[in-house]
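Student: Generate the whole structure from the sequences, applying the supplied hints.
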Amino acid sequence: MAPQKKDKPNKDGLKTSITMFFKRVFGFVSASFIDFRRSPLTIFFAIAYPVILILLFGAIFSEHTQTLNSFTIYIQAEPDAGFEIAPGMEINLTETLLTTLATMETNDSEPLFILHYIPLLDEHTIPIDPGKYLEEVDGYFCLVIPANFTMLVYNNATSANLTVIMDENSQSAKIVYNIIKEVIYGFNLFLAGESETHIDMETIDIYLEEKIEYLDFLVPGIIGVALMNNAVMGTINRYSSFRNAGLFRKLASTPMTRTELVTGETVWQGFLAIISTAAIMIFGWLFFKAPFGKAAWIIEVLDWKIILILIAGVLGFTGLGMIGSRFVKNPDAATAAANFLAFPMMFLCGAFFDVSGIAGVNVISKLLPLTYIIDALRATMITKNVSLAWYNIGISFAFGIGFFIIGVILTNIKNE
Amino acid sequence: MSKRRFFKNIYLSLRRIWAETSRIGLGWVRSPAAVFFTFIYPIIMILLFGYLFAGEGTTTLYSLPYLNEDTYQVGNATLPYYPAQELLTELGLNNDSLGEALGIKLIPVNFNTSEILPQNWMKEQNAAYLLRIPKGWSAMVNASLLNASAPKALVQYYYDPGYTSSTEVMKIIDNALKELNAQLFNIETSIGIITTTTPEREELSYIDFYIPGIIMVTLSTSGMMGLVSTVAEGRRNGIIFKMSATPMKKWEWALAQEIWQIIISLVIALLTALTGVIAFGFQLSAIHPLHVVILIFGSMTFAGLALIIARFVKSPEGAVAATLAFVFPQMFLSGSIIPPEVMPEFLQQIARIFPLYYIAKAMRAAMLEATLPKVWLPLGITIAMGVIFFILGSALTIWKKD
Numbered sequence: 005m006a007p008q009k010k011d012k013p014n015k016d017g018l019k020t021s022i023t024m025f026f027k028r029v030f031g032f033v034s035a036s037f038i039d040f041r042r043s044p045l046t047i048f049f050a051i052a053y054p055v056i057l058i059l060l061f062g063a064i065f066s067e068h069t070q071t072l073n074s075f076t077i078y079i080q081a082e083p084d085a086g087f088e089i090a091p092g093m094e095i096n097l098t099e100t101l102l103t104t105l106a107t108m109e110t111n112d113s114e115p116l117f118i119l120h121y122i123p124l125l126d127e128h129t130i131p132i133d134p135g136k137y138l139e140e141v142d143g144y145f146c147l148v149i150p151a152n153f154t155m156l157v158y159n160n161a162t163s164a165n166l167t168v169i170m171d172e173n174s175q176s177a178k179i180v181y182n183i184i185k186e187v188i189y190g191f192n193l194f195l196a197g198e199s200e201t202h203i204d205m206e207t208i209d210i211y212l213e214e215k216i217e218y219l220d221f222l223v224p225g226i227i228g229v230a231l232m233n234n235a236v237m238g239t240i241n242r243y244s245s246f247r248n249a250g251l252f253r254k255l256a257s258t259p260m261t262r263t264e265l266v267t268g269e270t271v272w273q274g275f276l277a278i279i280s281t282a283a284i285m286i287f288g289w290l291f292f293k294a295p296f297g298k299a300a301w302i303i304e305v306l307d308w309k310i311i312l313i314l315i316a317g318v319l320g321f322t323g324l325g326m327i328g329s330r331f332v333k334n335p336d337a338a339t340a341a342a343n344f345l346a347f348p349m350m351f352l353c354g355a356f357f358d359v360s361g362i363a364g365v366n367v368i369s370k371l372l373p374l375t376y377i378i379d380a381l382r383a384t385m386i387t388k389n390v391s392l393a394w395y396n397i398g399i400s401f402a403f404g405i406g407f408f409i410i411g412v413i414l415t416n417i418k419n420e
Numbered sequence: 014m015s016k017r018r019f020f021k022n023i024y025l026s027l028r029r030i031w032a033e034t035s036r037i038g039l040g041w042v043r044s045p046a047a048v049f050f051t052f053i054y055p056i057i058m059i060l061l062f063g064y065l066f067a068g069e070g071t072t073t074l075y076s077l078p079y080l081n082e083d084t085y086q087v088g089n090a091t092l093p094y095y096p097a098q099e100l101l102t103e104l105g106l107n108n109d110s111l112g113e114a115l116g117i118k119l120i121p122v123n124f125n126t127s128e129i130l131p132q133n134w135m136k137e138q139n140a141a142y143l144l145r146i147p148k149g150w151s152a153m154v155n156a157s158l159l160n161a162s163a164p165k166a167l168v169q170y171y172y173d174p175g176y177t178s179s180t181e182v183m184k185i186i187d188n189a190l191k192e193l194n195a196q197l198f199n200i201e202t203s204i205g206i207i208t209t210t211t212p213e214r215e216e217l218s219y220i221d222f223y224i225p226g227i228i229m230v231t232l233s234t235s236g237m238m239g240l241v242s243t244v245a246e247g248r249r250n251g252i253i254f255k256m257s258a259t260p261m262k263k264w265e266w267a268l269a270q271e272i273w274q275i276i277i278s279l280v281i282a283l284l285t286a287l288t289g290v291i292a293f294g295f296q297l298s299a300i301h302p303l304h305v306v307i308l309i310f311g312s313m314t315f316a317g318l319a320l321i322i323a324r325f326v327k328s329p330e331g332a333v334a335a336t337l338a339f340v341f342p343q344m345f346l347s348g349s350i351i352p353p354e355v356m357p358e359f360l361q362q363i364a365r366i367f368p369l370y371y372i373a374k375a376m377r378a379a380m381l382e383a384t385l386p387k388v389w390l391p392l393g394i395t396i397a398m399g400v401i402f403f404i405l406g407s408a409l410t411i412w413k414k415d
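Chains as they are written, first to last, in the numbering used here: chain E, 5 to 420; chain B, 14 to 415.
Hint data in this document are derived by calculation from the structure and do not stem from the laboratory. Errors might be hidden in some of the hints.
Straight line, CA to CA, 30 angstroms or less: simulated DSBU-like cross-link-like pairs of lysine-lysine [unchecked claim]:
1. B:184 x B:165
2. B:184 x E:215
3. E:27 x E:254
4. B:118 x B:148
5. E:370 x B:136
6. E:388 x B:184
7. B:387 x E:178
8. B:118 x E:136
9. E:298 x B:136
10. E:388 x B:387
11. E:254 x B:327
12. E:370 x B:118
13. E:309 x B:136
14. B:118 x E:185
15. E:254 x B:255
16. E:136 x E:178
17. B:165 x E:215
18. E:215 x B:21
19. B:184 x E:370
20. E:215 x B:148
21. B:165 x E:185
22. B:16 x E:185
23. B:118 x E:178
24. B:263 x B:16
25. B:327 x E:27
26. E:388 x B:327
27. B:148 x E:178
Chain B regions said to be covered by chain E (calculated; three or more residues, Cβ under 8 angstroms) [to be verified]:
28. 160 to 170
29. 351 to 357
Simulated restraints, written as ranges between beta carbons of each label pair [unchecked claim]:
30. B:28 x E:311: 30 to 40 angstroms
31. B:164 x E:388: 51 to 61 angstroms
32. B:164 x E:125: 17 to 27 angstroms
33. B:208 x E:311: 45 to 55 angstroms
34. B:400 x E:125: 37 to 47 angstroms
35. B:366 x E:112: 18 to 28 angstroms
Remember, predicted model here, so these are calculated numbers, not experimental data. Note that beta-carbon positions come from the ideal geometry of N, C-alpha and C, so glycine has one too.
Tutor: Quick look at the structure:
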C-alpha cells in the first residue's frame, strides 16, 4: 500500500503539469489568434498571399491558359527569280518559305508569325544592315534570305544558307529559331524527295490515364512554398517583434517555459498552414479544375497523410524560423534573414520547375527540407505513390524534429 | 516668411532628415546580423538566379534511362546497320564529351516489359523519363531502307509531365533521330542555317542582361519587406508615435527612410554586380550611368510602396503576408526572371501594373547604345513612380500608437 500512496502525488503532479502545459500553449495560440482576428487586413493577406501564388503560377503554367503567342519576326529577302525544275514548272523557295511562315497558326488560330520586312536599301540607297536594324527596332529575330535563293539551292552542290540574326538572350528568339529549324528540316526532306521521316518518336505521358497535368504538380509545390514562407518568415518576424516589444522578458516572469512557447508558436503556424493549404486547394480547384470538368479533383487529392506532411513541415520551418530569429535583433535584419533562408529554398527545391538536370543544384536540393515536403505532397496528393510518400514523410519528420529541437534549445526567453 | 527664415527652415529640415537617416544607419551598423544578412542576401540571389536561370557556370546534364530491347538485332548481310546502337551513339553513349554537349547522360536500365509496364517501372523508380527502343526497331529501320513505304520505325519516349525538363530531353532525342534519319536515308541538307547574334550583343552574355533585373528583384524584395516590417514594428512599439512629439515632419521622416533605402540599394547593387563579375564574368562595361538614376528612383518607388503598405497593416505577420502578396507576382510577371513574352497575353497586360516591369525595362534598354533611345519612356515612368509613391507614402503615413 505504501508505494501507492507515494505514487499518487506524482501522478497528480504529472497530470497537472500536462494540463498546465496544454493550457499555456492554448493561451499562447489564443492570443495569437485574437491578434490575427483583430486585424482584418492581416487575415486578408494571410489568405490572399497563397491564393495569389496559385493563381499566378496556375495562369503561367496551366495547360488551359497556355497558348503559343504570336512572334514578331523580321525578314530581309533579296529578290528571287525562282528556278524551273521541269518545263513549265517553276518553283520559288523564297516565296514558298515566306508563305509557309505567314500561314502558320497558334492554337488559337492566330498567325504564329507577324512578319515585318526590312528594306534592302534606305532612302539614300545605302544597304541596310539587318543586324543593326533589328537592334534599332528592339527586335529579337531576323531571317535573311539571300538573292536567288532557289537557284542557289538547286544549282549548288553545297547547301544554300539562310542567315538568322537573333538576340541569343531572348527566350522568344530561341523558340522562333526552333520552329524555323523544323520548317527548314521539312524543306530539306521535300528537296530530298521524302515526304516524311522514316524514324520517329512516340511520346507517352505516364500519367495520361490518371489525367494528371502540370498544374497538379504545381499545387503541392505552391503549398510547400506557402507553408515555408509563412512559417520561416512569420516566425522570424514575430520573434523579432516579441523581442523588441519586451514580450520575452515579460514571459520570463511567468510560469511559461520555452518548450511551451515554441510549441505554441508551432501550433499557431500549423493553423496558418491549414488556412493556406485550404485556400490554395480551393482556389486552384475553382479556377483551374472545376471550370474544365474536373469537379471531383478536390476530393481526389485529399488524403489524411497531408496532415502529417503539414505537421512535419510546420515543425521544421518554424524550427528554422526560431533558429534564424536567434541571430537577429531588429526587423530589418529579421527580414533579410528570413529572405536568406526562404528564397533560395523556394527555387532550389523544385517547387515551380524541376532542378534535377542542373549539376550542383540537384545535390543542394537534396539537402533542403522543402524538397522532401514537396515530394511527399506530390506522392500523396497526385501520383498516389504510397511508398514514395512515406519515404519523403519520414525524411521530412527527421528534418522537422531536428530543427524543432534546435529551435527549442536556441530559444532562451530568460536571456532575452 | 523672411528669406532668412525660409533658408533656416530648409537647413533645419535637412538636419532632421540627416539625423533620422543617421539613426537608421547606426541601428543597422550596430546589428552585425543585419549587416551580414543584408549583404549575404543579394550574393545568394545572384548566385541562385545566375545558376538557375542564366545557366552560367554550370552544366545541365539530364540523366536519361534507356531500355534497349533491340539488343539481339545485329543487322544482316545486305544492310549491316545497327540503328539502335547508332541512335545511342548519337545521344552520347560511351562519349562523355558529346553527352555533355547535348546535355544528356544515358543510363542503361534493364527490366522485362512483359512483367512490368514502362510507365509503372518509372513510377516505382520515380524516374522522370525513359527512352525505350523496342524489340525489332532496327529491323524496321532496315526495312525502310529497302522499301520507302514501310511503316515508320518508332522509338518510345515515356515522360512524367511533372518534370519541366521532360520537354528538353524530348527535343534532344528528336534532334538525334532527325540526324540519324538524314544519315541513314541520305537526306542532304540543301538548306542550311547560319546563326549570328545582333552586333552590339556579340560581346555580352546572358548574365549581362540578367544582372540588372536580379538587382531590382533583390531590392524590391529586401527593401520592401524590410521597410514594411520596420514601420509595422515601429508603430507597434510606439517609436513612430513618439516622433509626433518631435519637430520632425512626416515627409522628413519618410524622406530619411527613402534615403536610407537608396544608400542600401546602391551598396546591394554594387555587391551584386561584383559577385556577378567574380562568379560569372559579368562585364561592368554593360553598366551605364543611367542605371544609377534608375536604381535611385526604383528604390524610391519600392520604399514609397512599402510606406503605403505599412499604413494598412499592423502586425508583423500582416506585414510579411501583404508584402509577399505584392512582391511575388511582381517578381515573376515583371520580366526580370521569366520573359513576359512566354506568358499568356492577359498576364502580359497584368505585368504592366507592376513598377518593376518599367524599371526592369529601363535597366535593359540602358545597356546597349542601340536600345538607349528606348530607355526614356520607362525611365520617365520610373522617375514619376519614384516621386509619386514617395508623396503618397509620406501623405499616408500616420504617427499614432496602435
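Student: Which of the numbered hints above does this structure break?
Tutor: Going through the list in order, the structure violates hints 8, 10, 18, 22, 26, 27, 30, 31, 32 and respects the others.
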